[in-house]
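> So the chains spell out like this:
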Amino acid sequence: MNDALVVICLLLVAASATAAVAVRDPERQALVLAVLGLSLAVLFTVFQAPDVALSQLAVGSVLTPLLVLLSVRKVRRGAGPKTRRGTGPDRGGRDRTRPDAGPQPPGGRGGRDGATG
Amino acid sequence: MNGWLVAAAVLLAGGLGAAVWGVATGPLGRRVVTQNMTTSLVCVAVLLLAQGYRRPAYVDIGLELSLLGPIGTLVYARLLADDLRPDPPRAPRLTAVAAAGTAAVVIALAVASGPGRAAVKLLLVGALLITGNVVASRALAGGIPEEARHE
Amino acid sequence: MSVLPYLAAGWMFLAGCYGLATSRHLVHAVGCLAVCQSSTYVLLLAVGYRTGGTAPVFSDVRPGSRPLVDPVVQALTLTDVVVGATVTALLLALVVQVAKRHGTVDPDELSELRG
Amino acid sequence: MSRRLRMLLLALGGAGFAALFAAACLELPHFGAARHPYGERAVHAALARHTANVVSAVNFDQRAFDTLGEESILFAAVLGTVVLLRQTRGERQVRPEPVAVARPVRRYSLVMVPVALLTGLYVVAHGQLSPGGGFQGGVVVATALHLLYIGVDYQALERIRPVGGYEVGDAAGEAAYLVLGAAGLLGGSAFLANTLLPYGTFNTIPSGGTVPLLNAAIGMEVACAVVVLLARFLDQAVEIVDGSGE
Numbered sequence: 001m002n003d004a005l006v007v008i009c010l011l012l013v014a015a016s017a018t019a020a021v022a023v024r025d026p027e028r029q030a031l032v033l034a035v036l037g038l039s040l041a042v043l044f045t046v047f048q049a050p051d052v053a054l055s056q057l058a059v060g061s062v063l064t065p066l067l068v069l070l071s072v073r074k075v076r077r078g079a080g081p082k083t084r085r086g087t088g089p090d091r092g093g094r095d096r097t098r099p100d101a102g103p104q105p106p107g108g109r110g111g112r113d114g115a116t117g
Numbered sequence: 001m002n003g004w005l006v007a008a009a010v011l012l013a014g015g016l017g018a019a020v021w022g023v024a025t026g027p028l029g030r031r032v033v034t035q036n037m038t039t040s041l042v043c044v045a046v047l048l049l050a051q052g053y054r055r056p057a058y059v060d061i062g063l064e065l066s067l068l069g070p071i072g073t074l075v076y077a078r079l080l081a082d083d084l085r086p087d088p089p090r091a092p093r094l095t096a097v098a099a100a101g102t103a104a105v106v107i108a109l110a111v112a113s114g115p116g117r118a119a120v121k122l123l124l125v126g127a128l129l130i131t132g133n134v135v136a137s138r139a140l141a142g143g144i145p146e147e148a149r150h151e
Numbered sequence: 001m002s003v004l005p006y007l008a009a010g011w012m013f014l015a016g017c018y019g020l021a022t023s024r025h026l027v028h029a030v031g032c033l034a035v036c037q038s039s040t041y042v043l044l045l046a047v048g049y050r051t052g053g054t055a056p057v058f059s060d061v062r063p064g065s066r067p068l069v070d071p072v073v074q075a076l077t078l079t080d081v082v083v084g085a086t087v088t089a090l091l092l093a094l095v096v097q098v099a100k101r102h103g104t105v106d107p108d109e110l111s112e113l114r115g
Numbered sequence: 001m002s003r004r005l006r007m008l009l010l011a012l013g014g015a016g017f018a019a020l021f022a023a024a025c026l027e028l029p030h031f032g033a034a035r036h037p038y039g040e041r042a043v044h045a046a047l048a049r050h051t052a053n054v055v056s057a058v059n060f061d062q063r064a065f066d067t068l069g070e071e072s073i074l075f076a077a078v079l080g081t082v083v084l085l086r087q088t089r090g091e092r093q094v095r096p097e098p099v100a101v102a103r104p105v106r107r108y109s110l111v112m113v114p115v116a117l118l119t120g121l122y123v124v125a126h127g128q129l130s131p132g133g134g135f136q137g138g139v140v141v142a143t144a145l146h147l148l149y150i151g152v153d154y155q156a157l158e159r160i161r162p163v164g165g166y167e168v169g170d171a172a173g174e175a176a177y178l179v180l181g182a183a184g185l186l187g188g189s190a191f192l193a194n195t196l197l198p199y200g201t202f203n204t205i206p207s208g209g210t211v212p213l214l215n216a217a218i219g220m221e222v223a224c225a226v227v228v229l230l231a232r233f234l235d236q237a238v239e240i241v242d243g244s245g246e
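Residue numbers (UniProt numbering), protein chains in the order written: chain L, 1 to 117; chain H, 1 to 151; chain V, 1 to 115; chain X, 1 to 246.
Pulled out of the complex, with its shape left as it was, chain L reads as follows:
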């Protein structure tokens, strides 16, 4: 029975890790990271490591999401009010006028934008 539990938890952890990478908006990624933390905690319980499960929960359920969300909030505010919502995460600082940057080569970017899982 324990083998089945190990396999289930491993697959869940691998799936949520992949999702955490594929979700590109940091706020939404924070939510996936929280679920990854919870599945890791279950995996550690199944691996008979309650101490590690406790510290993973302590870090993953509140501390990391709080730090990530506070950073995102600060970064967005620093990048100007126009990027507050709408255009997606990938254009963090685009609204800043940067006279020294020169013209952008067309088609060099884009395509990947908004590639949420």
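There may be inaccurate statements among the hints.
As the list claims (entries may be wrong) - Every beta carbon over 10 Å from chain X, so not counted as near; a handful from chain V, in silico:
# : residue
1 : Val3
2 : Gln37
3 : Thr40
4 : Val47
5 : Thr51
6 : Gln74
7 : Leu110
To be verified - For each label pair, taking beta carbons as the anchor points, the in silico distance ranges come out as:
#  : chain 1 : residue 1 : chain 2 : residue 2 : range
8  : X       : Glu158    : H       : Arg85     : 24 to 30 Å
9  : H       : Leu124    : X       : Thr88     : 45 to 51 Å
10 : V       : Met1      : X       : Gly187    : 46 to 52 Å
11 : X       : Ala100    : H       : Ala104    : 34 to 40 Å
12 : X       : Pro114    : H       : Ala96     : 24 to 30 Å
13 : X       : Arg86     : L       : Ala4      : 47 to 53 Å
14 : V       : Met1      : H       : Ala104    : 53 to 59 Å
15 : X       : Leu196    : H       : Val120    : 33 to 39 Å
16 : X       : Arg107    : H       : Arg54     : 33 to 39 Å
17 : X       : Phe17     : V       : Pro67     : 31 to 37 Å
Read the hints as simulated data drawn from the structure, not as lab findings.
The beta-carbon is built from N, C-alpha and C at its ideal position, and this holds for glycine as well.
Following the hints, position chains H, V and X against chain L.
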């Protein structure tokens, strides 16, 4: 081989699998609700595992999760309040199901472990978890208004 | 079954690296690094696991009554979790600083700024 | 570096890593194998010193010096964050307006602060017996305090959080760990050696020699460190704005 572990495995395979899908796709509101429900689900699964492995010490994991999980959801409710406000996620039915399921499992576990400190601890974890889950759902459904900003 | 946990850890590490290399937002990159870091927890604990074993914590079981998993790797993983959390915090502080200085958190734009 | 070159490098590195890692996995001891020579010795050593939680015994007795290194990393990271996130010239501080959190959420938060604090202290105090320890408990304590920001108001948090005090607490926790280590040296054995105190009765709180004390020192350091860390981030996100006007 015992029933508690089988129950935990079924709960994890079905529930947590759906949770990973729910939190990685769809509108923000649904993701946040999923995150909230995952706390209850994982906590119940850990309690089942503790009983299945005959290790009451593992209940401490459930205790910590029943406290920190809802606080984590409140973090999202607080810091994503602007994004959630146009369409506050309400999931009364899901919350009720989660609360009822938690209560049923916790009572079954408390009965199985017999009267004593362990049963009291289990009931405490269950009470904390249900309260936290309900309050966090309330917070997501517009319990925390947008913060006034100095622009 | 005998190597599945190791392979899962390797997969997580590779997925995290892919995310790091293709990230368009530094906060997202820090999250991907956290994924890489969690692969090490899985690997370490998998090495210490023992079929049918239980945790080497004797508050509720008699010593010697059941086989035990390896406590040394668990202690190592504990250290790993702590260090992972501090690394995340420090990197996020750096990201905030970068955003203040350069007004952007897109790695590509940052390298454009430099060159 | 162009995007294509970067992806090519990544693919090469990833393929190389995958091949080598898969080869290494096949040579590792099989998952779930019964032979754990270090683990068995660690369990014997922990039981000889009456420490019920072997993981704590490894962390605070057998590998206590490594834990000192780990806590120094935490200490240094907090220091780095404080330096990085200080208020710079051209930035000003604003008072955040109070928010009206819904009544049940507010009540829940106020009730949960002492409950979570108590749980955190319980986890720290029983670190040498049941799962848990200074780190886990310390984070719970720090989280409990921040429930005031999350569920009540930023001002409520500020009232119970003189950051200076927590900075002192952080340093005091680290110092207590060092002093306990040095006490072993003065007591005639090695640095951080667990030979000073009686080992006590197995499975009671004052068992395990210096393990509970080191545990408490770490608990204090972690709790204070997390509070200081979050205080810096909260300052940046809530209070400090760009002075040049947005």
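> If a hint holds in the structure, say so; if it doesn't, say that too.
Quick rundown of the hints versus the structure:
The claim that V/Val3 lies off the interface is violated: its Cβ sits roughly 5 Å from the closest Cβ of chain X, which falls inside the 10 Å cut-off. No Cβ of chain X comes within 10 Å of the Cβ of V/Gln37; the nearest lies about 14 Å off, and the non-interface call holds. Every beta carbon of chain X lies more than 10 Å from that of V/Thr40, the smallest distance being close to 12 Å; the non-interface claim holds. Against chain X, the non-interface label of V/Val47 is violated: not every CB pair exceeds 10 Å, the least being about 7 Å.
Non-interface status of V/Thr51 relative to chain X is broken: a Cβ of that chain comes within 10 Å, the nearest being about 4 Å off. Not every beta carbon of chain X lies more than 10 Å from that of V/Gln74, the smallest distance being close to 5 Å; the non-interface claim is violated. The Cβ of V/Leu110 lies farther than 10 Å from every Cβ of chain X, with a closest approach of about 13 Å, so its non-interface assignment holds. Between X/Glu158 and H/Arg85 the beta carbon distance is about 25 Å. The supplied range of 24 to 30 Å therefore holds.
For the pair H/Leu124 and X/Thr88, the beta carbons lie near 47 Å from each other, so the given range of 45 to 51 Å is met. For the hinted restraint 46 to 52 Å between V/Met1 and X/Gly187, the CB-CB distance of approximately 49 Å keeps it satisfied. Checked against the given bound of 34 to 40 Å, the beta carbons of X/Ala100 and H/Ala104, roughly 36 Å apart, stay inside it. Between X/Pro114 and H/Ala96 the C-beta distance comes to about 28 Å, which sits within the given range of 24 to 30 Å.
Checked against the hint of 47 to 53 Å, the pair X/Arg86 and L/Ala4 passes, with Cβ atoms roughly 52 Å apart. Distance hint for V/Met1 and H/Ala104: a CB-CB separation of about 33 Å, inconsistent with the stated range 53 to 59 Å. Checked against the hint of 33 to 39 Å, the pair X/Leu196 and H/Val120 passes, with Cβ atoms roughly 37 Å apart. Between X/Arg107 and H/Arg54, the C-beta spacing of about 38 Å keeps the proposed range 33 to 39 Å intact.
The given range of 31 to 37 Å is respected by X/Phe17 and V/Pro67, whose C-beta atoms sit roughly 34 Å from each other.
When the structure is compared with the earlier hints, violations turn up for hints 1, 4, 5, 6 and 14 and for no others.
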